[in-house]
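**Q** Chains as they are written, first to last, in this note's numbering: chain A, 1 to 247; chain B, 1 to 290.
By construction, these hints were calculated from the structure, which means they are not laboratory data. No incorrect hints appear here.
Here chain A is said to cover these stretches of chain B; the calculated rule only asks that three of the stretch's residues, wherever they fall, bring their Cβ under 8 angstroms from a Cβ of chain A:
1) 159-169
2) 175-189
3) 224-236
Here are a few chain B residues that face chain A, going by a calculated C-beta distance under 10 angstroms:
4) Leu40
5) Arg41
6) Arg42
7) Phe172
8) Arg219
Glycine included, every Cβ here is placed at the ideal spot set by N, Cα and C.
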Amino acid sequence: MTAVFSLNDVTFGYDRHPAVHHLTGRFLAGSLTAVVGPNGSGKSTLLKGLIGLLSPLDGRLERNGVRQRDIAYLPQQAEIDRSFPISVVETVLLGHWRTIELFRPATRALWRQAEEALVAVGLDGFGRRPIASLSAGQFQRVLFARMLLQGCPVILLDEPFAAIDAKTTADLLAVVTRWHGERRTVIAVLHDLNQVRENFPDTLLISREPIAWGPTAEVLRAEHLFQAKQMAEAWDDRAEICRRSVG
Amino acid sequence: MDPYATLIQPFVEFGFMRRALVACLALSLGYGPVGVLLVLRRMSLLGDALSHAVLPGAAIGFTIAGLSLVVMSFGGFIAGLAVAVLSGLVARVTPQREDASFAAFYLISLALGVLIISIRGSNVDLMHVLFGTILAVDDTSLLLVVSIATLTLVVLAVIGRGLIVECFDPGFLRAVDGPGAILHFAFLVLVVMNLVAGFHALGTLMAVGLMMLPAAAARFWAGRITTIAATSSAIAFAAGYAGLLLSFHANLPSGPAIILVAGGVYIVSVVAGPCGSLRTRFLPRRHLEA
Ligand SMILES: Nc1ncnc2c1ncn2[C@@H]1O[C@H](COP(=O)(O)OP(=O)(O)O)[C@@H](O)[C@H]1O
Ligand SMILES: [Mg+2]
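Build out the structure end to end from the sequences listed, making use of the hints.
**A** Below, the structure written as structure tokens:
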């Protein structure tokens, strides 16, 4: 099995202060991994590091054959201006950025794919509506449609189902499962442990550093979860980079 | 009142009125989309800051070459860009946000400009730079205005999609490794360039009015970004036309007359436009009765 991301004692952080460290392990191609951990434990930071928005402060991260543009990324707080005068289908069409970039024309075929992606996320007939008229759940469906169009082999989702209704969550989970079936690598930050147990074969539990990483049933054991909580409480945000002695 | 004599004859009879009208048309074409992008980026006040930033460059040009439009424009362009780049740099490398660094640099720039002009020129010259003289637009400055408008439209045609994405969802552009920083800078260049184009005609203080007021008004008339930009251009040109007539007949300074007409259109739009105006908020259409 080839690894998409290999991490060797990696530290990610901000302003030279680590937010999460001692990350060692591999995300295999085609794997479906949930990332769980207490608030502020570095889950979002890890995803930003994987896609390349943050570079490692220390350690080695290898992206094996994936460029940044091969990764679709759904941030936790999208900086999207929801009042912007743009239609639903135009937003989805941006998923073709790699093809159209700045000024290549968006052909009929591309528009049709955007419409199809909308159908796939349950928004048939919403194409011409302005995005300002959508509910939070509908808008999340639009963002998933855009990722469908991106067609990336690697997909990173940061709390994709936070504050989303149950029906939408179920529909979008089905999309995630479909991606897994297509052998794409999906890494999703999640909070609902039952959801993780039911849908995600692998789990990475972090609390500023990995607590456990592997098959979900083994990772989500009570003692691991307890340990994660304790470590989150003991963390010092202003600490310098720490190196483990080798050996 | 004879409509021909009031509405058309001044332009037929006087070359300076015709040139002023063509200048307004050219300015409106670029100002529409640029102003709308500024509004959508929530950078409306940045246009204002940049328009003040142009002043010392224009003033230095003035002390070197007198009232030479080309030299003053070039100076203004360089000064505006310098303020944009310096503020952008401070915002990038320090925690200070761009609005604060912009305010700091444009205030420095403005004071410098007023100082230079008051040392070297008379107050009349200062008024000239601050408020412009659209009725004295000559062939050279008309050529400059038209060239800048043409260049603006060409640049927008090439990078317009990128500018829209960068404004709508900057995080996405970063995630797909798009040229966000380049687009941002190109856009600032467009804004400065257009303000320079406007400052002969309307003055540094007034030019930004023709950029922002129609753009702010247009949002109340249309829902798609292309239509909003076109509406904005149309409003700007209409304000230019009406303002010129007003200034001609009532013997008022042309710059403020044009901007005040645009201001009137803005207020009417806020009250009565079809998209999100006060009228649609508080007087919703009755539901269809079954
Ligand atoms: N942009 C940032 N600048 C500085 N510190 C940050 C930034 N984003 C997050 N942090 C800090 O990094 C730590 C991990 O945050 P994050 O990765 O967002 O946690 P999680 O997603 O697991 O809730 C937190 O202590 C947080 O305060
Ligand atoms: Mg997070």
